[in-house]
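J.: Protein chains in written order, with the working numbering: chain X, 1 to 372; chain F, 1 to 348.
Wrong hints could be hidden among the right ones.
SDA-like, lysine to any residue: derived pairs with alpha carbons at most 25 Å apart [stated by the list, open to error]:
no. : chain 1 : residue 1 : chain 2 : residue 2
1   : X       : Lys123    : X       : Ala261
2   : F       : Lys147    : X       : Tyr116
3   : F       : Lys17     : F       : Ser149
4   : F       : Lys147    : X       : Pro82
5   : X       : Lys106    : F       : Ala31
6   : F       : Lys327    : X       : Ser10
7   : X       : Lys43     : X       : Tyr116
8   : X       : Lys324    : F       : Lys327
9   : F       : Lys28     : F       : Thr57
10  : X       : Lys43     : F       : Val261
Chain F is faced by these chain X residues, among others (derived, beta-carbon under 8 Å) [what the hints assert, rightly or not]:
no. : residue
11  : Lys43
12  : Gly45
13  : Leu46
14  : Phe211
15  : Ser257
16  : Ala261
17  : Glu338
These are computed hints drawn from the structure, not numbers from a lab. Quick reminder that beta carbons are idealized off the backbone N, C-alpha and C, glycines included.
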Amino acid sequence: MKYLDEYRDSQVAGKIANEIRRAATRKWVLMEVCGGQTHSIVKYGLDYLLPENIELVHGPGCPVCVTSLEMIDKAHAIARRPNVIFCSFGDMLRVPGSDGDLFKIKAEGGAVRIVYSPLDCLKIARQNPDKQVVFFAIGFETTAPANSMAVWQAHVQGIRNFSVLVSHVLVPPAIMGILQSPGNRVQAFLGPGHVCAVVGWTEYEPIVDQFRVPIVITGFEPIDILQGVLLTVRQLEQGRADLENAYARAVRREGNSEAQAMIHRVFEVCDRGWRGIGTIPQSGYQLREEFREHDAERLFHVEGIRTEEPSICISGQVLKGLAKPTDCSAFGSRCTPETPLGATMVSAEGACAAYYNYGRHLISADSLAVHG
Amino acid sequence: MPTEFALSCPLPITERKNIIMGHGSGGKLTAQLVRDLFLPAFDNAILRKLDDQAVVTAGSERLAFTTDSYVVTPIFFPGGDIGDLAVNGTVNDLAMSGAKPLFLSAAFIMEEGLPVEELARVVESMGKAARRAGVSIVTGDTKVVNKGSADRLFVTTAGIGLVPAGVNISASNAQPGDRILISGSIGDHGMAVLSKREGLEFEGTIQSDTAALNDLVRVMLEAGDVHVLRDPTRGGLATSLCEIATSSGTGVEIDAQTLLVRDDVRGACEILGLDPLWVANEGKLVAFVPAASAAPVLAAMRGHEHGRDARIIGQVVDRHTGFALLKTEIGGTRVLDLPFTEQLPRIC
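The task is simple: from the sequences and hints, build the whole structure.
T.: Structure below.
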């Protein structure tokens, strides 16, 4: 398939892996920021193609994983209302709140629907004028354009029975949080390709300068990721800290200005709580005041819900890159995708779930390693 | 900026008090129901084998016996409908034991308000499918429930067939050295239904592969020795391979480069964030055959209308027993595991 197979070519992959092996003279710790990148790495076994002195740690870029427990409890409270059709991206359905997940609410009679686009919710709202249609607007800068567009369209078209529960998060504050946290091991980042396709990379330039840390904007296919690793390792070996773009077919420095305009028309930056991490100032989007009639938190009076997150697992350390999923004693035994104990196990993109789904708990690393 | 990352976790969901959709996915939740609920209540040696069909003895004959319910939405989809699906599915479950399917029953649960014209189309399609497969629908039942108590139409079929003397096919029969053959492309049925359900329009329409495979099985058995047959329906090829590895106590290894996924199916999977390895097929089979039989069985498959794209995708090994491994397109390796529930589309 064109534009896909080129980026999954085993010969090219082997060639880049060899170049990485030649380039890396010592140990380096890189973090891939995006959940989609983590997923690809584990799905294709990319980490086993890399030399042993290159360690990939899996970042906080899984939006489903980092959505706070409190926000999920709010979502569940709304989804339980009898007059509500609650719409969500698919993998949010099995994220546990304090009392069950959206699957459970659906089984108990709640109208919970999976949508692929928030704009589908407008259609549902028009078809069900006697119901309140609520969309759980989560995600990084990547989902913000479509989510803001849905609110804008509802506003323009006067669709009164559509609202959004907003829990948007932003990547740059999370990267800074990781770099500033004690014990940080991350020496360079594979930057979030799709986030940068929307917002460009100007926000990342100050981070590179301030922390002297290489950031290479990287795509999601196997060849993209290996190319990102190669450029990052070269920078580290040469003692450089630059912003490089290894995803030029999708990303420009200024990003997509129309998408940004829509985001800023509807959303404004706010403090945001991250599951497994805590509150990070200025790290999320919320609805602007003029769109309050579409704000589900206000409409359903769930602002008062406060949830403390119990500390059981090591997901915070995994999200920060201090631990691997397999370092956790509960991984694969007490903590599985069926019974997730922590943020990183709940979504298919979470590092623990990616490890689990691709069987990393079942088989020793040696059997998966590529020999010869 | 936070100076320290707080560790935070939700409490686990240790058990389900209600049935959720995942219990019908053919994955781990389904297996849990069968293991914890049905097996203890019905316990017997035949059921304990957990094959797709029971093989029972009646006099000197061995009979294959199976049943399956069909609740597909929408009931008409590109390439088929709930009717031919219900016939082909049960015929295939019988055929996967090597049996010659003979007789089917059909039971209909109809929702009040269902247009008679739609029921007529389904029933006609079942008749055609039965004639094509060489089976007779010899008994049946109809029930009507209040509007809202069912989704238009549910169909349950059961079937019996005769297992020829000397044929012994079971998921537990895989042996190290066996070659793994598949009769064609994967993911067609699941993506045909899903694309229609989601109202997704791709270039061209993805067609379901629903087909009766009993004649394909017949020519395969004539060509050589066959240890295992499975039709990778719900849960897809990966689920079937996991089950066979577990059931036979062997290791399974397949190569992603050898798999055939039609371009439109792949495109739909990429867009919807799904993996074709876990997507349902309704007209494909996977066969485990001893190395010596691989070439003649493959040739027989390729000479049949339902096996034109047949290919060898891997082999059985005596390592990592109970697990199926995939060599990825770029030379990495990963484990194929049973899904927890139906695949959920990823957010990005």
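J.: Give a verdict on every hint.
T.: Structure-based check of all given hints:
1. Lys123(X) x Ala261(X): Holds - the C-alpha atoms of Ala261(X) and Lys123(X) are around 24 Å apart, at most 25 Å.
2. Lys147(F) x Tyr116(X): violated (29 Å)
3. Lys17(F) x Ser149(F): Measuring from Cα to Cα gives roughly 21 Å; hence the hint holds.
4. Lys147(F) x Pro82(X): holds (20 Å)
5. Lys106(X) x Ala31(F): holds (21 Å)
6. Lys327(F) x Ser10(X): holds (11 Å)
7. Lys43(X) x Tyr116(X): holds (22 Å)
8. Lys324(X) x Lys327(F): At roughly 23 Å apart (the allowed maximum being 25 Å), Lys327(F) and Lys324(X) satisfy the hint.
9. Lys28(F) x Thr57(F): violated (31 Å)
10. Lys43(X) x Val261(F): holds (17 Å)
11. Lys43: holds (6 Å)
12. Gly45: Where the cut-off is 8 Å and the nearest Cβ of chain F is about 2 Å from Gly45(X), the hint holds.
13. Leu46: Result: holds, 6 Å to nearest chain F Cβ.
14. Phe211: This hint is violated: Phe211(X) lies away from chain F, its Cβ roughly 12 Å from the closest one there, beyond 8 Å.
15. Ser257: Check failed: Cβ of Ser257(X) comes no nearer than 21 Å to chain F, outside 8 Å.
16. Ala261: Interface hint status for Ala261(X): violated (21 Å vs cutoff 8 Å).
17. Glu338: holds (5 Å)
Checked against the numbered hints above, the structure breaks hints 2, 9, 14, 15, 16 and satisfies the rest.
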